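Asker: Listed here are the chains, written in short residue letters.
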Amino acid sequence: MLKRNQLSIRTIVAIGIGAAVFIILAKFAAIPSPVPNTSIQTSYAFLALMAVVFGPIAGGLIGLIGHALNDAISYGSVWWSWVVVSMIVGLLIGLASKKIDIESGIFNTKKIITFNVVQVIAQGIGWFLIAPALDILIYAEPANKVFLQGLFAGVSNMVTVGVIGTLLLAGYAKTRSRSNSLTREL
Amino acid sequence: MAVEMLAYIDRKSPIHQLTGVSKLICFIVWSSAAMLTYDTRILAFLFIFSIVIFIVSKIKVSEVSFVLIFILVFLFINNLAIYLFSPQEGVKIYGSSHVLIEIAGRYDVTIEQIFYQCNVTLKYFAVIPVALLFIVTTHPSEFAASLNKIGVSYRISYAVALALRYIPDVQRDFRTIALSQQARGIDMSKKEKLPIRIKNAASIIFPLILSSLDKIETISNAMELRGFGKGNKRTWYSARPFQTGDYVTLVVFGIIFVTAMVVTFHDGNRFYNPFES
Chain A
0 MLKRNQLSIR TIVAIGIGAA VFIILAKFAA IPSPVPNTSI QTSYAFLALM AVVFGPIAGG
60 LIGLIGHALN DAISYGSVWW SWVVVSMIVG LLIGLASKKI DIESGIFNTK KIITFNVVQV
120 IAQGIGWFLI APALDILIYA EPANKVFLQG LFAGVSNMVT VGVIGTLLLA GYAKTRSRSN
180 SLTREL
Chain B
0 MAVEMLAYID RKSPIHQLTG VSKLICFIVW SSAAMLTYDT RILAFLFIFS IVIFIVSKIK
60 VSEVSFVLIF ILVFLFINNL AIYLFSPQEG VKIYGSSHVL IEIAGRYDVT IEQIFYQCNV
120 TLKYFAVIPV ALLFIVTTHP SEFAASLNKI GVSYRISYAV ALALRYIPDV QRDFRTIALS
180 QQARGIDMSK KEKLPIRIKN AASIIFPLIL SSLDKIETIS NAMELRGFGK GNKRTWYSAR
240 PFQTGDYVTL VVFGIIFVTA MVVTFHDGNR FYNPFES
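The listed protein sequences correspond, in order, to chains A and B. The first sequence begins at 0 in numbering that gives the first Met the number 0 and counts up one residue at a time. The second sequence begins at 0 in numbering that gives the first Met the number 0 and counts up one residue at a time.
One chain only, chain A, in its complex shape (with noise of 0.2 Å):
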């Protein structure tokens, strides 16, 4: 027998390939962007899906485990403190799943205002307060230089989620099948 607050088996499967598409999108699906050296990270975007769909703890584990897999085999070494912000930034997102219940196949102006507020409150509290902090108390890093970085990562994440993310959710609800949608044939 199945206890309630265990993890189901399509939960902990969502976790697993979540994280492989995770960091096959972090390494290979850049996008270049005008400012040099930088590029548009479109595996955050992916996240949101993620959590919207499965759920927070879905969500944390995905950026857990993918950011920290794609840190180990892409660098050698993993960058804690900015591994536990993409675990954060998925749980919070997460958390709005069911107010978007994107499954019932309506992703409509109100939930794409939703989305776009959860997500950015959720990298807000991540890339501008947690990376910084964490950064400072285990690296003891100068404040305004990671401030500095959480704010640029931070910004450039939330526009590619409320663009990408937003598109790719708008996608996914057009495959769900909406309730009463059948119209009869006279």
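It is worth saying that the hints were derived from the structure and are not from the lab. Be careful, since some hints might not be right.
Computed cross-link-like contacts, BS3-like style, restricted to lysine-lysine with a CA-CA straight-line distance of at most 27 Å [stated by the list, open to error]:
{"hint": "1", "chain 1": "B", "residue 1": "K198", "chain 2": "A", "residue 2": "K173"}
{"hint": "2", "chain 1": "A", "residue 1": "K173", "chain 2": "B", "residue 2": "K214"}
{"hint": "3", "chain 1": "A", "residue 1": "K97", "chain 2": "A", "residue 2": "K109"}
{"hint": "4", "chain 1": "A", "residue 1": "K98", "chain 2": "A", "residue 2": "K144"}
{"hint": "5", "chain 1": "B", "residue 1": "K190", "chain 2": "A", "residue 2": "K26"}
{"hint": "6", "chain 1": "A", "residue 1": "K26", "chain 2": "B", "residue 2": "K214"}
{"hint": "7", "chain 1": "B", "residue 1": "K229", "chain 2": "A", "residue 2": "K26"}
{"hint": "8", "chain 1": "A", "residue 1": "K26", "chain 2": "B", "residue 2": "K198"}
{"hint": "9", "chain 1": "B", "residue 1": "K190", "chain 2": "A", "residue 2": "K109"}
{"hint": "10", "chain 1": "B", "residue 1": "K59", "chain 2": "B", "residue 2": "K122"}
{"hint": "11", "chain 1": "A", "residue 1": "K26", "chain 2": "B", "residue 2": "K192"}
{"hint": "12", "chain 1": "A", "residue 1": "K98", "chain 2": "A", "residue 2": "K109"}
{"hint": "13", "chain 1": "A", "residue 1": "K144", "chain 2": "B", "residue 2": "K122"}
{"hint": "14", "chain 1": "B", "residue 1": "K229", "chain 2": "B", "residue 2": "K214"}
{"hint": "15", "chain 1": "B", "residue 1": "K91", "chain 2": "A", "residue 2": "K144"}
{"hint": "16", "chain 1": "B", "residue 1": "K189", "chain 2": "A", "residue 2": "K26"}
{"hint": "17", "chain 1": "B", "residue 1": "K214", "chain 2": "A", "residue 2": "K97"}
Computed from a predicted model, the values in this text were never measured in an experiment.
Dock chain B against chain A, hints included.
Answerer: Just chain B now, with coordinates in the frame of chain A:
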């Protein structure tokens, strides 16, 4: 698109023979020690000791050099940024100021600043060899088993195992989709205008996400049919029993960790201050 990734390198060495569990514990202990301390003597010791471990492991530097180059570039930029934003951070931390080269006002080069930035760099250097070794000497499926053994729930360990298992699959899917979309004239590179570029990226990501969601359904059905998650525990095919070497290693790392913490915090400050007489 062939971006290199770190992967398991099979070899016969004392490091490879250690069980995944003890390597995982050592890695965690080591990173926490390097994270907590700012004592130059401890960091230098950790760095030298990690080089020794690296030599014992018989991994060649050329096998991981692509990562090393990346890290060195990153550290260089990071150091530059620290100096640009806070050229007197060292003075603030060590409470004294010995000007070496006068440039202009706050950008004067002080010995304290140089010492502080050496410490920041050393902090990264102390972790990198051990982290690299942990990744290239631990087999992915043993890694998942080890996570479970140190107390992570087996469901989450299994999710990690799934992620590692499916990275190559997803990569192949991504490549196929990207190539077929490019064949249809969809461009994601700099040649296209930014709004169109974003729209084009979405048209590559979207099929990938949908096929991954399908995969999630298939795999979770297969796992459900095989009764995954019925029991409270689970055995792992690749888990290995502890040997003498594991106990010795764990004790040695434990001693290093405790010593590092005592030396760092005995005077109530995590920084080692050579400027204080």
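Asker: Next step is simple, just say for each hint if it's right about the structure.
Answerer: Here is how each hint holds up against the structure:
| no. | hint | verdict |
| --- | --- | --- |
| 1 | B:K198 <-> A:K173 | holds, 17 Å |
| 2 | A:K173 <-> B:K214 | holds, 19 Å |
| 3 | A:K97 <-> A:K109 | holds, 14 Å |
| 4 | A:K98 <-> A:K144 | violated, 37 Å |
| 5 | B:K190 <-> A:K26 | holds, 20 Å |
| 6 | A:K26 <-> B:K214 | holds, 21 Å |
| 7 | B:K229 <-> A:K26 | violated, 36 Å |
| 8 | A:K26 <-> B:K198 | holds, 19 Å |
| 9 | B:K190 <-> A:K109 | violated, 35 Å |
| 10 | B:K59 <-> B:K122 | holds, 23 Å |
| 11 | A:K26 <-> B:K192 | holds, 22 Å |
| 12 | A:K98 <-> A:K109 | holds, 11 Å |
| 13 | A:K144 <-> B:K122 | holds, 18 Å |
| 14 | B:K229 <-> B:K214 | holds, 22 Å |
| 15 | B:K91 <-> A:K144 | holds, 15 Å |
| 16 | B:K189 <-> A:K26 | holds, 17 Å |
| 17 | B:K214 <-> A:K97 | holds, 23 Å |
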